[in-house]
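> Starting from the known structure of chain A, fit chain B onto it as the hints suggest.
Next come the chains, spelled out residue by residue.
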Amino acid sequence: MAFSTNKEIKVASEFEKDPVTGIETTGHEWDGIKELNNPLPRWWLYVLYATIVWSIAYWVAMPAWPTVSSYTKGLLGYSQRERVAADLRQAVESQSMYLDRIATSGLQTILDDPELLEFSLAGGAAAFGDNCAPCHGTGAQGFLGYPNLNDDDWIWGGTLEEIQATLKYGIRADHEDTRFSEMPRFLKDEILTRDQVRAVVAYVMALNDRAHDSGLAETGSIVFAENCAACHGEDAKGSREFGAPNLTNGIWLYGGEEAQIYDMIANSRKGVMPAWEGRLSDETIKQLVIYVHSLGGGQ
Amino acid sequence: MSIHWAAVSSRTYSGPLGVILETPQSDPEMGSVGAAVVESIDVEPVNAKKRRTLYAKRIKVHPKRTKGAFRSTKWAVMAVTLGVYYISPWIRWDRGAFAPDQAILIDFPARRFYFFYIEIWPQEIYYVTGLLILAAFVLFLITSLVGRVWCGFTCPQTVWTDLFVTVERWIEGDRNARMRLDKAPMSLSKFHKRAIKHLTWMLISLATGGAWVFYFADAPLLFQQIWQFQAPSSAYLFIALFSSTTYLLGGFAREQVCTYMCPWPRIQGALFDEDSLLVSYRGYRGEPRGKHKKGESWDGRGDCVDCKQCVAVCPMGIDIRDGAQLECIHCALCVDACNQVMSKVGRPSYLIAHDTYRNLAAAAVGETAKLRLARPRIILYSALIVVVAGVMLIALITRDDLDLSVLHDRNPLFVTLSDGDIRNGYTLKLLNKQHHERRFVITVEGIQNYALSGVGLGDGTSLDVVVKPDRLRSIRVFLTVPRTYIKGADSLFHFVLIDPVDGSQSLAASTFRGPS
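From first to last, the protein sequence lines are chains A and B.
All the letters of the first sequence, read from the start, carry residue numbers 1 to 299 under my numbering.
All the letters of the second sequence, read from the start, carry residue numbers 1001 to 1516 under my numbering.
This is chain B alone, in the form it adopts within the complex:
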């Protein structure tokens, strides 16, 4: 057991995490547990109560405020991502009378996905698949180039946690003030601050959960319905769900989400290589670290003055000087913090910086390693992105706005008519993806002397079919051929669907069955 704790200590506590994380070894509970269990572990069942102390309590991280290039970038990214999230459902996009006028809409009841001028039908879900593949490759590329930029800047968990911490800072003050407030006994002023903080968090959460449902219904109408308590119950359910998870994950779980819930940090371990630019402490420059008094010589010592500013600003509660860690989200706030200190003590900035393993290793022995961007994996990811994006673009440009699919009757395969003619039955599905009613003409290619007839559509060598705007129409069609023209039991042919107005057409292959 003591070894267990030693292990925990080395991981969680060895970094100087500031006041609250000091000297875990002196904790009487932990000490006694460690001593007792070594003796008894071989007879204890694995779920013994004593073992449960293994479950470490979360120690709250109080990130200190910082300023700098990366902090500014984070502000900008936060503004853009939150802006996109909250505003997108309200953008209007005119599609005519037969389709919704919301630019981005996932319309589950009507089985349509609208994204500005793109409209996706259920059978075109591969566009979404392509988009996800594209997103994955872009993520792989960026991660192998510059590390966990996604995690540090754009991930919703990071953005909302950042927002929640900002609110916390506004109301309760910066790191030291918040830690004092945590320790202070409950008072009217503490209660007041806490109440305002949680209320603000809840309002943000409600706005977050509330915005989510607008992507799935007409936003202005749903907004009105929500306030009049006339929205569908599913809307309230999802607002409650996303509001509560936002409140919990942004207000409380925070870095625990990244460390314990998210699989992405683990995957990324396989995406880095020794040439990835990762947020790193340049130990070759910083060590040996130590306090530095003004006017003292810098000879024989490193640039790190051990001020622990990098630790204080870290939202993940780690010490970047311990090296690469699973917990690190590469938000680079430690870079900003350290740069401020370096400029104060008059040393060059970027003691903590985006650097590669290769360069750090080389610098340790006094050399420098060249930055290699054109690595095989970078080239591969880039090529794949180009290919997938190209395929999707071509598919999107050449996407038909009409479509025809054919299902041959399976039972009976063919019907002998009283005059000996053979008739086959088909179910035709006609897709009109335009937002106005269209009249199509159906003909047959590859069979001679045929007669077409459709239920409710008349007969002849071609059929006129009207399909409503943005709809699929399913029709029953019969193809009759005199027995003398039938060659064998199975002949291939095509149904041809033509829009006489714009000349566009769609072909669908099928077979004509007859007696063998």
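The shape of chain A in the complex, shown without the other chains:
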């Protein structure tokens, strides 16, 4: 291309003169508009040279050229990564005035202090996104088997302290203070017969005012009283002490369809909430507690 362009260059005498200005054109034409060949001032040329010198100086002073496995580091030793690391260190330092207060304050104190509350909500949201969102969802809306943290139905309790305990020690986690709840596999372990399980399902459906076989539900109520009420309570409203869910409020951890309820009673399922003590700092856990508590269900 370069050669063909060169061939098109005309000798100076072939250039036409612009009749208005008396200046010759470069021969370049765009839609009838021709470029005048006005000379640039000399200082302009020097500015171009200065930028070339600058770029060479820049290559020497700053990281510039890639090599096979690395790059030229430059004399000034500038590194954007180090700059970011320094900025992050500075950010942590500037947060310390809040973090120190959070470390020494009780949860209720943090909740009542607008400044600490705002800081904790922001920090908690960030920590939630990093650590909790994979299971509970980015909006803490939960999925099948992972509780929704926005609602007011808590398996292990929704007060500040209860949320903190769940966060720190986990559920069925590898922590000495972790909590367990054991929903038996009623059919699989042959505690109940298939018909009894069906009866309990009908009874649970009746508790929720949903379509059910009333005869079956009556049988189910007896089975429920004998096998389930110990944990879920005689009124089936659950017990936070045992981590037994409320079965009457239309909120289901493993699904509220008839088949899903049947499956849960027959085969049981157990999720694990990791223990975060030791993995996250106490301050971060406190911020997470405040954040989760603020999602709307906090008690």
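Hints in this document: simulated from the structure, not taken from any laboratory.
It cannot be assumed that every hint is accurate.
What the hints assert, rightly or not - Pairs of lysine to any residue residues, derived as SDA-like cross-links and limited to a Cα-Cα distance of at most 20 Å, are as follows:
| id | chain 1 | residue 1 | chain 2 | residue 2 |
| --- | --- | --- | --- | --- |
| 1 | B | K1193 | B | L1163 |
| 2 | B | K1060 | A | P41 |
| 3 | B | K1468 | A | P41 |
Chain B in isolation, oriented as in the chain A frame:
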């Protein structure tokens, strides 16, 4: 190549620019270059060394001092513009304890722009947009009316160049003395003069760059910090940047800025028309020009005595008698110079004057053309100025000092509570633009049987929220409605923010989502 030079010559040298610009054709370097290249251009690459001689060296312009109405106007404009620039940041304006007391302040860290009683938040940057549009239209209007008045009188490049030339004149003398000094070999007295000149320029530059940073921080405090070397490094950086550019552009680049760097002269070509009053040489009166001896008859000749005073005073180094030129900034100093000469030789003044193309063309054939001010473009620009200024004024007068914006939770869209109620979550942003703490009341319109609750704000049918002076507060609010009152998956309603003290309020629309 020779044609190239001929072209340059006709543009740069044909005007009698005085002693220093005489007879470029006699320059041996240029002559030889011209002759040599014609033969070889078709085989030379475009960047051949010989072609580089195209880059003409700047020839310094030595504007001569003049007196007259336009020169006086330029002095006055210089005094006002420089005064405004240097003094503005020091004007104080009391805004109470929670806002800075500087009348004009661009506060980047706090994201505020203060201009006397006006305070602009980042989301109100459209006021600045409006101001820029207004400035553009005013510039268009003035340019199409009376030419490049902006360039000739008020542009910072013109004002500071004028200031620098004035300093130069004080120290080195007027045009002839300066040209002699340029040619003179270096001596103690020349060195002395040059040193004082550059030192003064540098001090002016430093004051210019120094004043700039005061617009961005508390001026008295920053002034103190600068001298104690405790100001932010960015302050020193910008002082250095603006000082060096002032020194370079005012001391050296001068008219080159207007001719080669500035896009505005090119744009203005599209703004003039044949009825614009532009600084023009009235050739119909002046030609044929020629030297005139005292007592000679004026019959059969023009008024121009070819004294070249108009060229000598021109800061752009052009000859106005060549007609309209890109380089001309319409400073009208040639008008002053020519008027002095005309009164000396006893001819009517304004041989060079603000005149229209239409009139010049008409006068050439012995007629006169009427001045037409009410042209379509003038009317259009004026109307646009009125409209934009009106819109801005109304926006400014009706500007709320409180504001509410709502963001509905996207995930989850709604939450079913254990008793079957449906709850929606919202992030509310409350803006208190007053400089004192305010207590707002938030209620809901358009939904019945609702319950409001806010994180750290309690619950009920309304919420009390305290917002600090001149601050934005972001709060999380939950709206709960019994399932039986929910109509469809999506219902519209408003959050209402009220200041019970002054009764002002702000509405923000949102939706309430539920199961379909």
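> Are the Cα positions of K1468/B and P41/A separated by 20 Å at most?
58 Å, violated
> Between the alpha carbons of K1193/B and L1163/B, is the straight-line distance 20 Å or under?
It holds: about 17 Å lies between the C-alpha atoms, which stays within 20 Å.
> Are the Cα atoms of K1060/B and P41/A separated by 20 Å or less?
OK: K1060/B and P41/A at ~12 Å, within 20 Å.
Violated hints amount to a single one, hint 3; each of the other numbered hints is respected by the structure.
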